[in-house]
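Colleague: Under the UniProt record's numbering, the letters of the sequence shown match residues 1 to 552, in that order.
Worth flagging that the hints you see were computed from the coordinates, not collected in a lab.
Even glycine gets a Cβ: it sits at the ideal position worked out from N, Cα and C.
Check each hint, because a few of them may be wrong.
Pair ranges (Cβ atoms, derived) [claimed, not checked]:
id, residue 1, residue 2, range
1, Arg346, Glu224, 13 to 23 Å
2, Pro73, Arg456, 20 to 30 Å
3, Glu539, Ala342, 36 to 46 Å
4, Ala519, Pro492, 22 to 32 Å
5, Gly245, Gln199, 29 to 39 Å
6, Asn105, Ala190, 47 to 57 Å
7, Glu513, Gln199, 55 to 65 Å
8, Gly482, Ala190, 50 to 60 Å
9, Arg456, Glu513, 30 to 40 Å
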Amino acid sequence: MIVAEAVGRALAACGAGTVFGVVGSGNFHVTNALVASGSPFVAARHEGGAATMADAYARMSGRAGVVTVHQGPGLTNAMTGLTEAAKSRTPLIVLAGEATEARSNFHIDQAGLATAVGAAALRVTSARAAVEQVVEAYRVAVEERRTVLLNLPLGVQSAAYDGPQDVPALVARLLAAEPPSGFPAAKEPAGSEVGALVQALEAARRPVFIAGRGARHARRELEELAERTGALLATSAVAKGLFRGSPWDLDVSGGFATPLAAELIRAADLVVAWGCALNMWTTRHGSLISPGARVAKVDLDAAALKTHVPADLGVVGDVAEVARKVAAQVAVRPGCRTPALAARIRAEGRWRAVPYEDESGGGRIDPRTLTIGLDELLPAERIVSVDSGNFMGYPSMLLDVPDEGGFCFTQAFQSVGLGLATAIGAAVARPDRLPVAALGDGGALMGLAELETVVRLGLPMVIVVYDDEAYGAEVHHFGPHGHPLDTVTFPPADLAAIARGHGLAAVTVTRAEDLAGVAGWVNGPRDRPLLVHAKVAGERGSWWLEEAFKGH
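Start from the sequences, fold in the hints, and give me the full structure.
Modeller: See the structure below:
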C-alpha cells in the first residue's frame, strides 16, 4: 500500500461522505482509495464546480465536505469555491496533489494560496505519519469549522506506507481518543453572561431574535425561549426557513426583508443574534438596528461578538445550550405578541403578499410573476439554491422552502457562477427533495459545464435561468449615471437549445402562460432535468439591489 492509498482509506474511515472532484495524475490514487473504501465519488467537469458542490453538500448534509483535485491548476481552478467555503466556515477538506520540486511546471505555493483566502493549510509529510495527519486535518475541519487544504506531495504519495496496515482501526483509535465534536470546542457559557441576557430579555418590551447559520440546529430551543419572552423571530439569509410555520416568523432580515419585517425589526428595543454575525446584509448596513436598541449576541466564536454590529452584551456558547439555560431562568413576558400582530404577519409577512405592478410584456416576463408561478407549480418539498446577481432576491424570497434544510445560499464571497454547482451538492446531500437551481444568465453561462454533470447524475433538477441578457447588477448600478453599458450587455442566447444539447428538457418562458410547460414536466415522469429559460423584464433593478448599492 502506498501513502496515497492510506490517505484515502483514512479519510473514508473518518466518516467522509460523498467526495467531489476532478481527477488527474496527482489525485488519482487517493481518489480511487476513497471510492474503494466506500465513499461515493461525483466527478465534476471543473474544479471550481467540484469545490462548491462539496461546500453545499457539507452545508446540507451536516457532514464534512471533501473535494479532491490535481496539483497546481487543479487547485487554482478550485480557488473561488474554496474561498466561498472558507469565508462561510464550512467544514471542508481539500485533497490536492502537490508538486514540491521548484522546476516543475505544476509548482506553486499551494499553502500560501489557501491561507490567503482564510483556509487552513496542512500537509502529509511522511509515510509513517500520514494517517495521523489525515485525522488531524479532519479534526480541524470539523471542530474548528474550517476549510482545510491537505497538501499531498507527489513524492510522499508514491512512497510505501509503513504505518499500521489496518488503517480504519488506527483511525478509530485516534478518533476514540478525542472524537471530533462537530462544533468548535466551547466552554460552558459563563453564568454571568447568561444572567445578563436573562435581565435584558426581562427588561425588553419588543425583543426580536435573528438566527444565523450557527443556530440552524436550535429551532426548538429558540422557539421555546421566544415563547417565554414574547420575541419575534427572523433569520439571516443562510438560515432561511428555520422558523417556517411559526406565527411569529418574520422570514429573512436584511436586504431581502419584507416591509413588515423591516418595520418590526427596526421597532425592536432588544435584538438578539443567535449564531449570526449581523453583517451589513442582515442589518441593511445597520439601518435595521434602531439607535435606542440594545444588541446581544450568542456565538461559539468570541470574536464574533464584536464584529459588524458590536454586541452590548454577549454570551460565548452553543446557541441551543444557551437558549435552554436562559429559558430556565427568564420570567415570562408577552413582548409585543398580540392577536392583531399575528394577523398582520399572516397577511403581510411574505413577499407574496406585497402588491406589485406586473411589468410583463414585449416578450419578457416580470421576474416576480415568474417566481410566484413557479412557487405554485413546484412540489413543496424542495431544496432551493441561488446564484448571485440582480435577480437573486426573487427566488430567494418568492420560492418558499419547507424548513432550514430547504435553502442553500453560497453567498459569503458573492461570486457569480456558483449556483448550479451549489444545487448539485445540495441535491446529493438531500435526494429526498426536488432540487431547484436559480441562476442569472451570466452565472448559468459561467457554470455551463456542470449541466452535463446534472444529466449524468440523473438529478430531477429544475434549473431556472433569469435571463435579462446582461450583468443586471452592473446595468442598474452604472446605467442611471449615464455610463456606457456595452461591456455588460449581451446579444440573446438560446439557453433552452443549449440545455437540450446537454440532454435536458427545456422550456422558454416569456409570459405566464408558458409555465404550462413546467407544469407538464412536474406532472410527468421527470426522467430528465428541466431548464426553464425565462426571458425576464429588466428595466429596473430589484428592491434588494437598491439596498446593496448603499454599501458601494
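Colleague: All hints, please: hold or fail.
Modeller: Status of each hint after checking the structure:
{"no.": "1", "hint": "Arg346 with Glu224: 13 to 23 Å", "result": "holds, 22 Å"}
{"no.": "2", "hint": "Pro73 with Arg456: 20 to 30 Å", "result": "holds, 23 Å"}
{"no.": "3", "hint": "Glu539 with Ala342: 36 to 46 Å", "result": "holds, 37 Å"}
{"no.": "4", "hint": "Ala519 with Pro492: 22 to 32 Å", "result": "holds, 25 Å"}
{"no.": "5", "hint": "Gly245 with Gln199: 29 to 39 Å", "result": "holds, 31 Å"}
{"no.": "6", "hint": "Asn105 with Ala190: 47 to 57 Å", "result": "holds, 54 Å"}
{"no.": "7", "hint": "Glu513 with Gln199: 55 to 65 Å", "result": "holds, 59 Å"}
{"no.": "8", "hint": "Gly482 with Ala190: 50 to 60 Å", "result": "holds, 56 Å"}
{"no.": "9", "hint": "Arg456 with Glu513: 30 to 40 Å", "result": "holds, 33 Å"}
Of the numbered hints listed earlier, not one is contradicted by the structure.
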